[in-house]
Amino acid sequence: MDIVGVGSLSIAGLTAFFTGAVLALQTSNTLASFGAVGYTGQLVSVSLVRELGPVLTAVVIAGRVGSGITSELGSMLISDQINAMRALGTDPIKKLVAPRIIAGTTMVPILTVVSDLIGIMGGFFVASFFLGISPSLYLTSAYDRLNYNDLVQGLAKPPIFGFLIAAVGCYFGLNTTGGTEGVGRATTQSVVTAMILIFISNFFITRILLTIL
Amino acid sequence: MDNSNQISSPVIELKNVYKYYDDTAVLKNVSFTVGRGETKIILGGSGSGKSTILKIIVGLEKVDEGEVWVEGENITSYAEAPLMKIRKQIGMVFQEGALFDSLSVGDNVGYRLYEQGILNDDELLKIIKQTLGFVDMEDALEKMPSELSGGMRRRTAIARALVGTPDIMLYDEPTAGLDPITAGTIVELIIKLRDVEQVSSIFVTHRLNDAYRLARERLIQKDGQLTYEIKSPDNNRINTRFIMLKSGEIIFEGTDDSLKQNRDSYIQKFFS
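The listed protein sequences correspond, in order, to chains A and B. Residues in the first sequence are numbered from 1 upward in steps of one, following the working numbering. Residues in the second sequence are numbered from 1 upward in steps of one, following the working numbering.
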């Protein structure tokens, strides 16, 4: 949990901060043409909470943690450590897979919430220092316009993404073949597969949530 | 110390075992037994199926045909859960040691007991130190595997396999890649386990020198001290026999002397 959560905080936070900042920069011009620059905060917060926060955080975690899981388990497999574990009477699924899936499923949502807040702060920084938007206007717009649906959408996706990242990482790690070269190949496949699954599942989760909410 | 008369019902028995990877047979009609207190040395070139036999006995691989018996139980089609009970009676030393990189030597050695969770920390530490003492590694308790030499890694792996006092030890090329002196200390350790602890074992190797030392030396009590004694015509009772594998088939089974006298060209290549 420490490695997945605390270890990924800096990269997830950095990604979110600059995503929020660039969102504010890009959208303010368009909003200004409608005289709606005051809505920058709302646009940044809704975009981040509903979509960008969960997806970008998951993609970052897939790159950082998913790859780590695959390479670690793959290395353990090719060096017979997994077999040694079984020979010593331990079930590798319980010992290695279950904790990683629990960590992924619990820490990705927490990281997403933190990333959302940091991203909104990134937008706040740009809005205040570069766009001349009043800080209180930005914050009020960002906070007041977030509704129940936004929060449900933003919080429903990360546990699924976290599960997918950990499960895919473990699957490719424990099915590594071909020595050290195989570990590299499995790691690449794991990250690519996790990212594809994140994007595809994001579409379907969004579709389902929009239908039921 | 003399264990020649201790062979009773076999602790390990393979009956007409076949194993295939894809469509290639790696074991063909392999049958042999290991008696209680006996050591079987499996010789053979790379890819002859030596390591596969050990993995089958410990349940890491399943056979495609035939039967595997361990301690009187037919484990051929056992699932993971019942295999765990069998594995408690078996210590396996993997090639290169297969130590857990993220755990210290002490944690590696105590892994089996730690996972069972039946001992407190003090009891656990006592057993770990005792076992490390057996392999002369007491000072390495806190070291990480990456800090160990090849020989130390193998000795740690032997210590890890020994914890829980298994009745059966399986050694997968424990001396491969080691210098002759370090390999000698590993072989002495295996002789010690065979002759002092009466452990039944299978020693897989392609190094004839180590195999012959194991078959020709024994540890005896002399003037209150343990001494290694070389086999002589008067003392021909070391409970160790050879199996030679060639492309997954057993082409020889017998004593060290009969192996040396065998005229098979493949076997003779091992002596050249």
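Hints in this document: simulated from the structure, not taken from any laboratory. Glycine included, C-beta positions come from ideal geometry on N, C-alpha and C. Please note: incorrect hints may appear among the correct ones.
Claimed, not checked - With a cut-off of at most 20 Å between alpha-carbon atoms, the simulated SDA-like pairs for lysine to any residue come out as follows: (1) Lys94(A) to Met84(B); (2) Lys62(B) to Thr177(A); (3) Lys88(B) to Asp91(A); (4) Lys88(B) to Gly89(A); (5) Lys95(A) to Met84(B); (6) Lys94(A) to Lys143(B); (7) Lys94(A) to Ala79(B); (8) Lys95(A) to Gln130(B); (9) Lys55(B) to Ala156(A); (10) Lys95(A) to Lys129(B); (11) Lys55(B) to Tyr143(A); (12) Lys143(B) to Gln130(B); (13) Lys129(B) to Ser104(B).
As the list claims (entries may be wrong) - Among chain B residues calculated to face chain A with C-beta under 8 Å, some are: (14) Val58; (15) Lys62; (16) Phe94.
Verification of the supplied hints:
{"no.": "1", "hint": "Lys94(A) to Met84(B)", "result": "holds (14 Å)"}
{"no.": "2", "hint": "Lys62(B) to Thr177(A)", "result": "holds (18 Å)"}
{"no.": "3", "hint": "Lys88(B) to Asp91(A)", "result": "holds (13 Å)"}
{"no.": "4", "hint": "Lys88(B) to Gly89(A)", "result": "holds (7 Å)"}
{"no.": "5", "hint": "Lys95(A) to Met84(B)", "result": "holds (14 Å)"}
{"no.": "6", "hint": "Lys94(A) to Lys143(B)", "result": "violated (27 Å)"}
{"no.": "7", "hint": "Lys94(A) to Ala79(B)", "result": "holds (16 Å)"}
{"no.": "8", "hint": "Lys95(A) to Gln130(B)", "result": "violated (27 Å)"}
{"no.": "9", "hint": "Lys55(B) to Ala156(A)", "result": "violated (44 Å)"}
{"no.": "10", "hint": "Lys95(A) to Lys129(B)", "result": "violated (25 Å)"}
{"no.": "11", "hint": "Lys55(B) to Tyr143(A)", "result": "violated (61 Å)"}
{"no.": "12", "hint": "Lys143(B) to Gln130(B)", "result": "holds (16 Å)"}
{"no.": "13", "hint": "Lys129(B) to Ser104(B)", "result": "holds (13 Å)"}
{"no.": "14", "hint": "Val58", "result": "holds (5 Å)"}
{"no.": "15", "hint": "Lys62", "result": "violated (13 Å)"}
{"no.": "16", "hint": "Phe94", "result": "holds (5 Å)"}
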